[in-house]
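Q: Now for the letters of each chain:
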Amino acid sequence: MKAKIILKVATRSIMKSRMRSLLTALGIIIGVAAVVVMVAIGDGAQQKVEEQIAMLGSNLIIITPGASNSGGVNRGSGTFNRFTWEDVDKIKNEATLIKGVTHIVQSGGQVIGGVGNWFTRIQGVSPDYLEIRSWPLASGEFFTERDVMARSKVCILGSDVVKNLFPNDDPVGQQIRIRSVPFRVIGVLKSKGQSSVGTSNDDIILAPSRTVGDRLSGDHMRIGSIQVSAISNDRIPAVMAELKSILRESHKLTQGEDDDFTIQDQSDLSATATATSRILTILLASVAGVSLVVGGIGIMNIMLVSVTERTREIGIRLSVGARASDILVQFLTEAIVLSLSGGVIGVLLSFLIAYILNNYTSQSAYIKPQIIMIAFGFAGAIGIFFGFYPARKASALNPIDALRYE
Amino acid sequence: MENILIKTVDLTKTYNVGEIDVHALKSVNITINKGEFVAIMGASGSGKSTLMNLIGCLDMPTSGEYFLDGINTSKLAQNEYANIRNQKIGFVFQGFNLLPRTTALENVELPLMYDRLEKVKDHQKQATEALKKVGLADRMHHIPSQLSGGQQQRVALARALVNEPSLILADEPTGNLDSVTSVEVFHLFQKLNDEGITIVMVTHERDFAAFAKRILEMRDGRVIRDAKIKDRLNAEEELKKAIAEAEIAE
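For the protein sequence lines, the chains are A and B, in the order given.
Residue 1 is where the first sequence starts when you use my numbering, and the numbers rise one by one after that.
Residue 1001 is where the second sequence starts when you use my numbering, and the numbers rise one by one after that.
Mixed in with the good hints there might be a few duds.
List time: in silico PhoX-like cross-link candidates among lysine-lysine, alpha-carbon distance up to 20 Å [to be verified]:
1) B:K1241 - B:K1034
2) B:K1034 - B:K1132
3) B:K1119 - A:K2
4) B:K1007 - B:K1034
5) A:K244 - A:K99
6) B:K1125 - A:K8
7) A:K90 - A:K252
8) B:K1228 - A:K2
9) A:K4 - B:K1213
10) B:K1191 - B:K1213
11) B:K1228 - B:K1034
12) B:K1213 - B:K1228
13) B:K1121 - B:K1132
14) B:K1007 - B:K1121
15) B:K1119 - B:K1007
16) B:K1191 - A:K4
17) B:K1088 - B:K1133
18) A:K4 - B:K1119
19) B:K1133 - A:K2
20) B:K1121 - B:K1088
21) A:K244 - A:K90
22) A:K8 - B:K1132
23) B:K1132 - B:K1213
24) B:K1191 - B:K1228
Per label pair, the in silico range of CB-to-CB distance [what the hints assert, rightly or not]:
25) A:A3 - B:D1220: 47 to 55 Å
26) A:N398 - B:H1141: 27 to 35 Å
27) A:L304 - B:N1079: 48 to 56 Å
28) B:K1121 - A:R20: 48 to 56 Å
29) B:I1143 - A:I374: 47 to 55 Å
30) A:V290 - B:T1062: 48 to 56 Å
31) B:A1137 - A:R20: 43 to 51 Å
What the simulated footprint calls covered on chain B by chain A, stretch by stretch (three residues with Cβ under 8 Å from a Cβ of chain A suffice, anywhere in the stretch; the number is not a length) [unchecked claim]:
32) 1053 to 1063
33) 1085 to 1097
Simulated from the structure, these hints should not be mistaken for lab results.
Where is the CB? At the ideal position from N, CA and C, for every residue including glycine.
Next comes chain B alone, as it looks inside the complex (with noise of 0.2 Å):
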């Protein structure tokens, strides 16, 4: 039971579009680990956003319960869903989501300012911390624009690690990158996935959720298919590969 963190119990969306509604999620019981890394999958329109958005504390379901980390969030008030979000979830989105105009290391203090517990005290210096985990130390004082997409996406961790939560949230992490540069994030979430951080993420290409421990396929808003991953790929070794696939095509 400790080892619990995300336990949905039918957990039900329904939408309501004019006079249709429309049910994007029915009923979904998922059960995820501490520690685990886990990739949803699924064609556009099977759920897995709508799963995301609740297990983020975005979104409030219609019917069904959620606990995190032992909490029963279907219970919880709008201002306490901002300090889940604050204190438990970090989010990794696609388009990155950074503000613009403004530097790396303000970006990743921000959640820092909302910390009503003030369990940081320096907040400089913790947001540098985090930026040395992704590797952009040297980069703290750029902005978004002067940031390549590999490294914006960096920034956006390191945002999302900043306030040390128990759980990353990644939507389509590397769905604005290129292949290699992808293979460098998941690197990274490979790397701190092994320090004990679990991560769920959103992903419709499989390549990529071979990075992961363990695969949930929805559809139609149901969990059709839930496995280990056996051929589990190393974004280390992967890494490699793809800088000397380079060399050679040069």
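Bound conformation, chain A alone (with noise of 0.2 Å):
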């Protein structure tokens, strides 16, 4: 028989009892829209997260210092830095796909000026730092880099701090102190806002990395980390193989010795923040998936009553010429077409939740067209396991008994 026939006869059947093959696909358009669903809004955390991953900085990437190794004992992330001014200066030249570096020097302290005083964060930075962090300026301007080699004693600050301390004036221009140092304003950050793990991005002071090493920290070997923004996402690899190689070459590390630092992407980054919601996603997609088998043992229970009901049809399919395997092969049909039509309202269903959750709730829900098309599989397959048996049990009947049946 033709694939035509088979379809036509397996809908014909299912529209003839149009409210039971409803309620019989209402357990796959439940589970398919409940899966679905859960994994949108699995999809959609995630997504944020990125979003707010992507706000740290275009293709950056993070080198900070290793563990040190002193006979044999590891002393965990940054026991030892290595990075030195050096090294910086050596990305700088021999690496070919990159748009910037920057020295991180870590530093901190009590800030004096205009109506008071407040502590906060304080880096020094090089000035490729606001295109790496794609972070422009509100007013003024950044230093440059012959700011940095004079350790000028200049600053750029955050939001947070110019409410703080100039609430109502323009700070650029005026003199601040820094651990009583004193610095001149010279520009204002733009409001990033929240970080990822919720502290202000805002609360910072930026300075000329060289300045904070020399004049503030007081260790002026000490480099906290190194930032790096690769001239495209898709080099991002090229790029960490870049720094490696030139960092190696930079501490010099023979072959076989571990690297004493370590190079991370966003991707890195972005894995370890989605992992928690991931598992989620996870278990609530199992926990809907079940609901899906259930619809799928629903088709079964439907299509046993089904062929006991339609034994009389069966008898007569047999008895004009149809074969065991093409009874089989219609009763089975019409398991798929009820399973993949119940896929398909599900689907339909999921979007519209997606559409109600994403602009009535502040919960956000993302379908991907991959969460479709598996959806879609799963419920086919649901389709063909749950209705084997039933068919099975169809195309086992001897005409003369099925033609007998009252």
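Dock the two chains into a complex; use the hints.
A: Structure, rendered in structure tokens:
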């Protein structure tokens, strides 16, 4: 028999008892909608996290000092700092696929100026920093390479610092004292909001890296980390390899020696950040998947009733020349058409739910095309799996008994 | 030899019911030629239905051989049985056995759907032709519940004819019909038989057996009488008579 005819026969007998078919498919409808919505909510959450990570900067790669190893004893990350100004210079001169590189020299302390005082984070960076973090200035200007080399006492304020020290005035051009060292404010950063870990990005003062290193942290060797921006997203792996070889050479590591630094891109970061939400998604999707299986059992149940009810029809079909395999295919097709239509309605329903979530609640749901395909495939597989037994039962009927069945 | 449609050789069927063997058919030897109209008679339990099922390739014999149109069916596989039912045999049942909630036309198209050789390209046209033959062209799109018993049986007959079979098997075809309608159906049977279609029919009403050309009587799984019918009834004349009687009665 041709596929077209098989499909026609199957849809016809489904349409003959619409209400029952709808109720049968309901299990699949709810199951598919539940799976798609659950995964969509997980993906929506993940997308939010990714957006926040993207806010850190474009194509950002962070290099942190690794563990020092003295006499075979590992002493943990950051225990021994091996980054020097020369490391950064070498990267700047030799790396080919980068847009920019910056030192990050961390410090902190009491800041006095304007209307009062404030305790904040002070970061020593290079002029490339703004581009690397895609962080524009609200006013004023940024320092230059010459300021870095001259260890100029200039600084850029984050918007939180401005709010606390200069609530009414324009801070640009004003003097402040950072840990008693006088600095001139030359610019103000645009507000960036909360970071992915919940702290404010704007509670910060930026100053030339060497200024911070020499005049504030008191340890001119201490470069907390290096941040690099790759020229494009797909070049990140190449850039990471390049950085690795440059730093290994700079640190004179011989073959076989472990790296004494860690290079991380945002995918590492996002992987960590989304690990929890992913586990939750899997958990929710599995629960929803169970309802899909229950829906499949519903199909099997109704198909079994249907086979009994239509015993006579099966007898008639056999008597006019249908083979057992024709009957098998017919009932199997009915089960699959039922579950796939359930899948279609379920996906439509999930779009509706996602729309409602996105527009009327704070929860965001994002339906990926792949998840629709997976849900469909699953619905089809359930149709085959749970439709097979009833179809098998139908095809095993003996024509005489089937015809005589009342 | 060419003329023989059905030939059974020691056809035997034994059913195993629990510990007792029921011998439904005991070494039946019959030969039916093309163009015959045979009525099989007998009380219930005489084995006539079993013989019908075997002739109709709905069941397999326990032993013995059955040749249909020169094919030894005892050596065939299940799927080939299905093909024979589809190609060579048209069934007409007592209970009509039409698919409910399905139009007459679709019911008649049913055997064409299972025709693997795809002899017929335009199913709808072929089914319409068959319905015309039984005089139901104007009821094509009615579903069985909208048709009278006689009309339903004519749809069933059209379905039996649609694949142009060499044999029509009728199992108590008028068992559910009143006498006038029954005569109408026999009128159709006789007409088709005149066109050359072989008909084998099971009935337990001697009056109706008289529409056939030959009678086989069965008892206890054996054929006890095989005779030509001398005073064959002509259904067309009987129909006129019946209608006249009905008019007088009014």
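Q: Look at each hint and say if it fits the structure.
A: Going through the hints against the structure:
Proximity of K1241 (chain B) to K1034 (chain B) is assessed by CA-CA distance (about 31 Å); at most 20 Å being required, the pair is judged violated. A threshold of 20 Å between alpha carbons decides the hint, and for K1034 (chain B) with K1132 (chain B) the separation of about 24 Å lies outside it, so the pair is violated. With a C-alpha separation of about 14 Å, the suggested pair K1119 (chain B) and K2 (chain A) falls inside the 20 Å cut-off, and the hint holds. Taken as a hint, the K1007 (chain B) and K1034 (chain B) pair is honoured in the structure, with Cα atoms around 11 Å apart against an allowance of 20 Å.
For the hint linking K244 (chain A) to K99 (chain A), the alpha-carbon distance of about 17 Å falls within 20 Å, and the restraint holds. The straight-line distance between the Cα atoms of K1125 (chain B) and K8 (chain A) is roughly 18 Å, inside the 20 Å bound, and the hint therefore holds. At roughly 13 Å between alpha-carbon atoms, K90 (chain A) and K252 (chain A) fall within 20 Å of each other, so this suggested pair holds. Proximity of K1228 (chain B) to K2 (chain A) is assessed by CA-CA distance (about 46 Å); at most 20 Å being required, the pair is judged violated.
For the given pair, K4 (chain A) sits about 44 Å from K1213 (chain B) by alpha-carbon distance, which is inconsistent with the 20 Å threshold. A C-alpha spacing of about 13 Å is found between K1191 (chain B) and K1213 (chain B), which places the hinted pair at or below 20 Å, so the restraint holds. A distance of roughly 15 Å separates the Cα atoms of K1228 (chain B) and K1034 (chain B); the hinted pair therefore holds under the 20 Å criterion. In summary, the hint linking K1213 (chain B) to K1228 (chain B) is supported, as the alpha carbons are separated by about 6 Å, within the 20 Å threshold.
Annotation: proposed proximity of K1121 (chain B) to K1132 (chain B) holds, straight-line Cα distance about 18 Å (limit 20 Å). Restraint check: the Cα-Cα separation between K1007 (chain B) and K1121 (chain B) comes to about 33 Å, which exceeds 20 Å; the hinted pair is violated. Restraint check for K1119 (chain B) and K1007 (chain B): the C-alpha separation of about 27 Å exceeds 20 Å, so the hint is violated. For the suggested pair K1191 (chain B) and K4 (chain A), the alpha carbons sit about 37 Å apart, so the restraint of at most 20 Å is broken.
Between K1088 (chain B) and K1133 (chain B), the direct Cα distance comes to roughly 19 Å. Compliance with the 20 Å bound is thereby established for this hinted pair. With a C-alpha separation of about 18 Å, the suggested pair K4 (chain A) and K1119 (chain B) falls inside the 20 Å cut-off, and the hint holds. Of the supplied pair hints, the one linking K1133 (chain B) and K2 (chain A) is violated, its CA atoms being roughly 28 Å apart against a limit of 20 Å. Restraint check for K1121 (chain B) and K1088 (chain B): satisfied, since their Cα atoms lie roughly 18 Å apart, inside the 20 Å limit.
About 12 Å separates the Cα atoms of K244 (chain A) and K90 (chain A), which keeps this hinted pair within 20 Å; it holds. Distance restraint check for K8 (chain A) and K1132 (chain B): the Cα-Cα separation of roughly 25 Å exceeds the 20 Å cut-off, and the hinted pair is therefore not satisfied. The suggested pairing of K1132 (chain B) with K1213 (chain B) is violated, with an alpha-carbon distance near 26 Å, which exceeds 20 Å. Taking the CA atoms of K1191 (chain B) and K1228 (chain B), the gap is near 19 Å; set against the 20 Å cutoff, the hint holds.
Taking 47 to 55 Å as the suggested C-beta distance range, the pair A3 (chain A) and D1220 (chain B) conforms, at roughly 50 Å. In this structure, N398 (chain A) and H1141 (chain B) meet the distance hint of 27 to 35 Å, their C-beta atoms being roughly 33 Å apart. L304 (chain A) and N1079 (chain B) have their C-beta atoms about 25 Å apart, which leaves the hinted 48 to 56 Å range violated. The hint said 48 to 56 Å for the Cβ distance between K1121 (chain B) and R20 (chain A), and at roughly 35 Å that hint is violated.
In this structure the supplied range 47 to 55 Å is violated for I1143 (chain B) paired with I374 (chain A), their Cβ-Cβ distance being about 41 Å. The supplied range of 48 to 56 Å is met by V290 (chain A) and T1062 (chain B), whose beta-carbon atoms lie about 50 Å from each other. A1137 (chain B) and R20 (chain A) have their C-beta atoms about 34 Å apart, which leaves the hinted 43 to 51 Å range violated. By the rule of at least three residues with a Cβ nearer than 8 Å to a Cβ of chain A, the coverage given for the segment 1053 to 1063 of chain B holds, with 4 such residues.
As drawn, the segment 1085 to 1097 of chain B meets chain A at 6 residues by the rule of a beta-carbon pair under 8 Å; at three or more, the given contact holds.
When the structure is compared with the earlier hints, violations turn up for hints 1, 2, 8, 9, 14, 15, 16, 19, 22, 23, 27, 28, 29 and 31 and for no others.
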